[in-house]
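Novice: Dock chain to chain to rebuild the complex, using the hints, since each chain is given by itself in its own frame.
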Amino acid sequence: MDHIIIIGNGISGVTLARHIRKLSDKKITIISAETDYFFSRTALMYVYMGHMKFEHTQPYENWFWEKNRIELLNAYVDAIDTDNKCLKLANGDDLNYNKLVIATGSKPNKFGWPGQDLKGVMGMYHKQDLEHLEVHAPNKDVCNRAVIVGGGLIGIELAEMLNSRNIPVTFLVRESSFWNGVLPEGESEMINRHIKNHHIDLRLSTNLREIKSDEHGYVKSVIIEETGEEIPCNVVGLTAGVSPNIDFVKSSKIETGKGIKVNRYLETNIPDVYAIGDCAEQHEAIGNRRPIEAVWYTGRMMGETLAQTICGNRIPYNPGHWFNSAKFFDIEYQTYGWVFGSKGKPDYEAHFHWKHDDDTKCITVAFHQDTNEFLGINTFGIRMRHETFDRWLTEKRDVDYVMNHLSEANFDPEFYKRFEKDILRAYNNQLQTVSS
Amino acid sequence: MSLAKPDAQDLSKKQKLSVGLGVIGLFILVLALFNIKLPNSVTFLTLALSFITVGTILFANDAYLSKSKGIKNDGVWFKSISSRGTLGWITGIVLTSFYIVLYFYEGLLGAATDGGENTGLIALFDPLSQLLSGRPASQWFVYGTLYTIAILAFGYKFILKYRHNRYEQIRTISVMFFQLAFAFLIPEFMYVMNSDLPYYDLKNVWPLNYYNFEQYRIDSFINSGTIGMAMLIFGIVSIFVITPILTFKYGKRWYCSWVCGCGGLAETAGDSFRHLSDKRQSAWKIERWVIHSVLVFVVLMTTAVIYTYLGYDANKYWLTRDVFLFSVVGILTLVFALTMIFKRHELGKDAKYGAIGYFVIIMALVGFHLLSSETKLFLFKAETLRSSYGFLIGAIFSGVIGTGFYPIFGNRVWCRFGCPMAAILGFQQRLFSKFRITTNGGQCISCGNCSTYCEMGIDVRAYAQKGENIVRSSCVGCGICSAVCPRGVLKLENDSMKGRINPNEILLGNDVDLMDLVNQK
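Note that the protein sequences, when read in sequence, are chains R and F.
Counting with my numbering, you get residues 1 to 436 for the letters of the first sequence.
Counting with my numbering, you get residues 1001 to 1521 for the letters of the second sequence.
To be clear, the hints were calculated from the coordinates, so they are not data collected in a lab.
Note that CB positions come from ideal geometry on N, CA and C, so glycine has one too.
Honestly, I wouldn't trust all of these hints.
Here are the computed lysine to aspartate or glutamate pairs in the EDC-like style, where the Cα-Cα straight-line distance is at most 16 Å [stated by the list, open to error]:
(1) R:LYS140 / F:ASP1278
(2) F:LYS1466 / R:GLU387
(3) F:LYS1249 / R:GLU414
(4) F:LYS1285 / R:GLU387
(5) R:LYS22 / F:GLU1505
(6) R:LYS212 / R:GLU229
(7) F:LYS1069 / R:ASP358
(8) R:LYS110 / R:ASP247
(9) F:LYS1434 / R:GLU414
(10) R:LYS53 / F:GLU1505
(11) F:LYS1069 / R:ASP359
(12) R:LYS26 / R:GLU71
(13) F:LYS1067 / R:ASP330
(14) R:LYS53 / R:ASP117
(15) F:LYS1072 / R:ASP330
(16) R:LYS85 / R:ASP330
(17) F:LYS1069 / R:ASP330
Footprint (simulated), chain F over chain R, 3 or more residues, beta carbon under 8 Å [what the hints assert, rightly or not]:
(18) 50–61
(19) 323–332
Chain F on its own, in the form it takes in the complex (with noise of 0.2 Å):
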């Protein structure tokens, strides 16, 4: 329809020379990867670092706080890189390419082989990893480094965008804290204090850390003392306890757009593309097929892999394989035997069938099992199992397409379509949870800024046009479909779990006796 560009897309002088700046650090790191010898590696590494913290802290400060607080959503579908047009591509092609070579093809960013040294990007790298723990950097290291910086500057950029806003602030700060601390910081020295300590990001549990109960780590978890022991239950009491009450008291969000590294990136450097998520009601079936999927898969996995080392010494580990398959069973059988008693009349035709489907599966593989003498567990061998999981869940699905094509589909495809931590915080927080989005009476225009940006993919406005409050199980309770609302008609809330869900064909406002005579049917 635009027939000439719209003009106040354009960006500022004081814009363009903090893009610059941000290329030129990101530049300095192009170099190191094409193993250009830079003089001082120190020197260099500072300046490429803070020139892109500079660069996007400038930006930010030009393009949010020369105008009043409020809504900045001007020119998102005009612009190239958050539009899909030929920024927005350029940018997902460079970033699924760094992902490819990050998970695979490591050499080319100058990781050591064979105990040599470091070159070219992570060699640049070395002197920050030496100052934090004692070591080279690894490819990892390096990731990590650019990751906490991206949601650093991005997370303020985030906070100034919305600063009329308090929620959106305070969520931020608190990803922000998590990644700096618990992801980046806290595994360095752990490292220091104690070098047979796997690396463990405190706040990633398992099924998004899906190797955490892996052998290695297993064991050295055991042989590492008390310290270690008391990682490896807080591994387990993070599954078993803290998330679910967490998740009844304020639904998932609280890790989700809260705590989470993947949704910290998302909520920041993520941000000016959350409106570029499918909001069509098949892609929402494929969601729900393709993220129970990944789950049972992740629990197959870790159950056979598990199963698996604790044979081969049964003195070591004080769990048996038949005490833990039957634990692994017995616990399913209970979730499942307790939805399907209390909850069934919540579920939908579909999710009834994945659910009966998947159980008969997972039941009959253990069947398969017991009455065989097999030693693989489930038809594959737990390794297969493994290293297709952390190829195709874990490199591929996360990082190259979650992250790669975040200027493609959006923000939290990832979190949408694979994550199966989300996939269990939302199976509770749809069914078990105080959380909803309440919808203000009978206030809602259907203008649609909700629907647009909801990072999710969730058709809010279906809901909030019917005074329907929200409870889905894919809400991460980021807050912007509220701050986005022109007329106040969205609002996140704990409250309780009685006519939490209540669809109304009349709203309010209309006549008393019809609403009754309706809505009551």
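Bound-form chain R, shown alone (with noise of 0.2 Å):
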């Protein structure tokens, strides 16, 4: 019988093990060094801020797996030896593989700041992070002020992690507008506004030069590249990304580049060797995709995708219409098809934008200014029906068409208040200024 290896238990492992085990009898083993049970990463923050104890975060009873046949070892791979079809564990033991699956995720980002290893410093991504979070910044009085350092989705949610416990936060971004790399300008500054008036720090354009110690190894404050401020501080998150989790493979024969190089079957330059998730970088980004796309959804696709590959049904993967989501404080974020910020936008790209006056609701639909095809949506505040979207991109429908349907993509709760009328009245308003 084979047995499958799956190093990693995250979403892209997990679901992968789940197809398989739909599909077929193999032997599955999940090797993971961060924790027993698969849990839910992204909801780590909740954890934190006391919506949630950590074991509300698994979404199977641990019952689950060994019902499922499906084995979880508590371990750490040294080293992959592919010729052999083995794997070096740190406990010293051997583990035969007929096939094996890296879907080992990311780490956070640290790019050689002085004093990014002191203890005080940390990113915001495994379990360990949050439970070194919970020794240095239990509360206000332990944690006098945190400095958030990288802009980016990871970043804001720290900031209201820590916020929920009234701790003091500066909130460092390279970027002149949060997040500004992928969201267009206007939703972006509604961003930066959101986070002032939630009694956020927020630094713009402002670079972390190094990190100071106390003469216990601690932090003590950082220093600004730009005005050489130093600002006091018992924390330090650093939260500029994150990249492939992938050390332990470089030792093998498997190839590597930022990720683990895979082809469109999600398979490794060693035959019976495959990587999923944000650990797997593709040679040729698919559409607009990135090479490695760190992203929830495209881990559950892949592992999704992968199972039929490895139960004989070999089959590329091939992802449908984007889509994303995230939620900044107190405003959620969802995204359908293609809609750039200024940085990397195609040039037939044209945007319509419509902002409420409360500052809390906004939409950016993009669409092709030649042919008036609708290329995608941003919605702030408003939720929207992926079915709904995913139809009309797959049918190219134009922008009018969506602008005049958007009722029917609305996803808010009953009896909340409709913008579809502001919205159309917007956008004709505008294409009379643009036309006269």
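Specialist: Next up, the structure:
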């Protein structure tokens, strides 16, 4: 019987294991050094905020794994010997596989800042990061101020977490506006204001020069690159993006770049070795996607896909229309299709932007300026229906159609105030202005 | 994991003062309880009730109005009261004791005996009862008043907590209205109009209102002329007409989280405990057996009670024993047959066994009766069934456990495990209703907020992460799963029956060919 070993018990590896089990009787082992059981990484923030306990982040009860004959092994893989199809574990054991899937996810980036390994400096990715944060920032008496370095999704979540315990936060963002490498200007600026409304000390266009230590090796302060200002703090959160967590692969014959190089079938250069999720790097980017997609949904899709291949129905990873979501403090964000910020925006992409007066809701609709084809939508503070936009994208609807049928896509709870009429009016006005 | 106490969970000064005010209000009630003579009961009752109300309102104002609109669950699992800490246990024990006294030792509250005057806590409420209906208070009047104040004050708090969410606000205004008007004021005014009428909270439908068709009530309905007959007919119409129509259109939420008093208290005063419900699959299994057993119990009990008194005076009631018994058998057989014919593929194995088992038991009991000359229907005397139901289910389950254990087992223990009304509505909701919770394509991140905050203990995430709509008997449609979802995945909807249940192995967003291949197998 084939023994499938999956390294990593995140969404990619677990989805894969579940689907292999549905399709076959193969022996499945999942190895993780982080936790015994699968948990939702995106929910770690809610544990620190007191919304949930850690066990609530586990999507399956503990009996699930035995019932489905998925073996769980808490171990750390030191090295992979692909010639002998053997894993070298840190505890000295060897483990043989027939097929190996690497799904080890990401690790937080560190850019060689002086002091980046001091006590009190941490990323916010692993369960262990959460435990460190609980030690170094249990409350505002132990942690008088925290500095977050890097303005992405994890950075703003960490800010929200610390804010929930009334710990003052300084948020250093390299870009001139929050996440504007991805978000169009109007949205990014609305989020800037929303961050500041939560009493976060947001510093845009600001870089970290160094982290200073006290006499015991703990963080004492940070120095700002541009001004030389020293900000006293007890915790530094490094949230300047993530990169594939593949150091243990580098000694093997498996080809790596930034991540583990895979083809469209999620196969590496070595037969019977695959990589999925955040740690996989496509040779060629798929459509507008990045070669490395560090997103929950894409990890899940790769798991769904690879299960077919491993069970004898070899199919390529061929994701449908792009979608994603996030939450910035109180503002929910969803995106369907492609909407680019000023960086990387194709020449043909035009935008319609609408923002509500209360400064917590806005949408940006992207369309092809020559053909009027609808390309994508970003929506903030208004929930929209995935299925509807997926269908419209497949049908290649034009932007007028989408704007006139926007109410069909609404997914807000019942009795919520609706804004489609306001949006349509603004859209029609804008068209008149453009054409006159 | 936490080494030091998270600081943000401390109460602000204003909140401490508000709690203090509320505690003084409660303390006045305790003084009265211990029969300490308060000089002017009107003044002290007013002070007590307004301190409790104003304390709760000021607390809510400070807790929510000073912050931006949004989900307010910070520190829920750190606070002693809401995480089964010391305060939670103390509250649970105090509430449980209160219910035991209320149901079984009303004398301790100061209930009058043998035509004497009320004393203690109940005497304190005499002026209010006199004002409303011109009679002295009873322990049930005291309980009703406190219950109503709890729903109103904590309803206000809930509205502020969810001031970004109009579904929650409107729903809460609805339960506040139905409690104040239907449960509290209207029955008092009806008594003033016609003192022969039994106490009747019109929104309290059989079988939740399990005593509605007992002989003393039927007699007083019949003896009270047109209004009495109208109430009796309304009671029957609510079961057989109003309930099925509304449940078909909106799901059981129209009752459980918009109208019902038990639900009203759970959603307002009980809101701080909603996350304590047990989410394990084993709890769900127990729930299905217990709640449907209670339903069978109440059907048997009510049938036996009505059957028994129909025989006492054949001329008084137009319904004869045999017509009644065969109507009950007919309705049950019809429901059983229709379900088995049209919906058997939607039932789990244990549901089929349970349905068949209970159907056989009920029919066997009726058969025994017809073949024997015993006066006892269903082996037991009707009175024995009635009093055991009243004690076990009416008092112990719905009161002592259902509400007393809020801080330990969550706020919907009764609704989830015990309420026979919820069982009937849930049965229809699962099989014949337009209501569902829609999941939004592939957007779920399995975070678990929905499951954690489901007061009915539904593992919402298990469905959402499969892109599957949630169609569950127990869902009361409170809408909190949708509210706490950080990615906009869940939406309560009434839509067509077709495609309502839609499990998916591959979620939206992946390869369309793969979705076709796997999902349509």
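Novice: It remains to establish, for every hint, whether it holds in the given structure.
Specialist: Hints versus structure:
1. R:LYS140 / F:ASP1278: At roughly 33 Å apart (the allowed maximum being 16 Å), ASP1278 (chain F) and LYS140 (chain R) break the hint.
2. F:LYS1466 / R:GLU387: With Cα atoms ~14 Å apart, LYS1466 (chain F) and GLU387 (chain R) stay inside 16 Å; holds.
3. F:LYS1249 / R:GLU414: Satisfied, since the Cα-Cα distance of roughly 14 Å is no more than 16 Å.
4. F:LYS1285 / R:GLU387: Given that 16 Å is the threshold and the Cα spacing comes to 33 Å, the pair is violated.
5. R:LYS22 / F:GLU1505: Distance ~10 Å between LYS22 (chain R) and GLU1505 (chain F) Cα, so the pair holds.
6. R:LYS212 / R:GLU229: Holds: LYS212 (chain R) and GLU229 (chain R) sit about 12 Å apart, inside 16 Å.
7. F:LYS1069 / R:ASP358: Status holds; Cα separation ~12 Å.
8. R:LYS110 / R:ASP247: holds, 14 Å
9. F:LYS1434 / R:GLU414: At roughly 15 Å apart (the allowed maximum being 16 Å), GLU414 (chain R) and LYS1434 (chain F) satisfy the hint.
10. R:LYS53 / F:GLU1505: Not satisfied, since the Cα-Cα distance of roughly 28 Å exceeds 16 Å.
11. F:LYS1069 / R:ASP359: holds, 12 Å
12. R:LYS26 / R:GLU71: With a Cα-Cα distance of about 11 Å, the restraint between LYS26 (chain R) and GLU71 (chain R) holds, given a limit of 16 Å.
13. F:LYS1067 / R:ASP330: Given pair LYS1067 (chain F), ASP330 (chain R) holds - Cα atoms ~11 Å apart, limit 16 Å.
14. R:LYS53 / R:ASP117: Given that 16 Å is the threshold and the Cα spacing comes to 28 Å, the pair is violated.
15. F:LYS1072 / R:ASP330: OK: LYS1072 (chain F) and ASP330 (chain R) at ~10 Å, within 16 Å.
16. R:LYS85 / R:ASP330: Violated, at about 49 Å.
17. F:LYS1069 / R:ASP330: holds, 7 Å
18. 50–61: holds (count 10)
19. 323–332: holds (count 7)
Checked against the numbered hints above, the structure breaks hints 1, 4, 10, 14, 16 and satisfies the rest.
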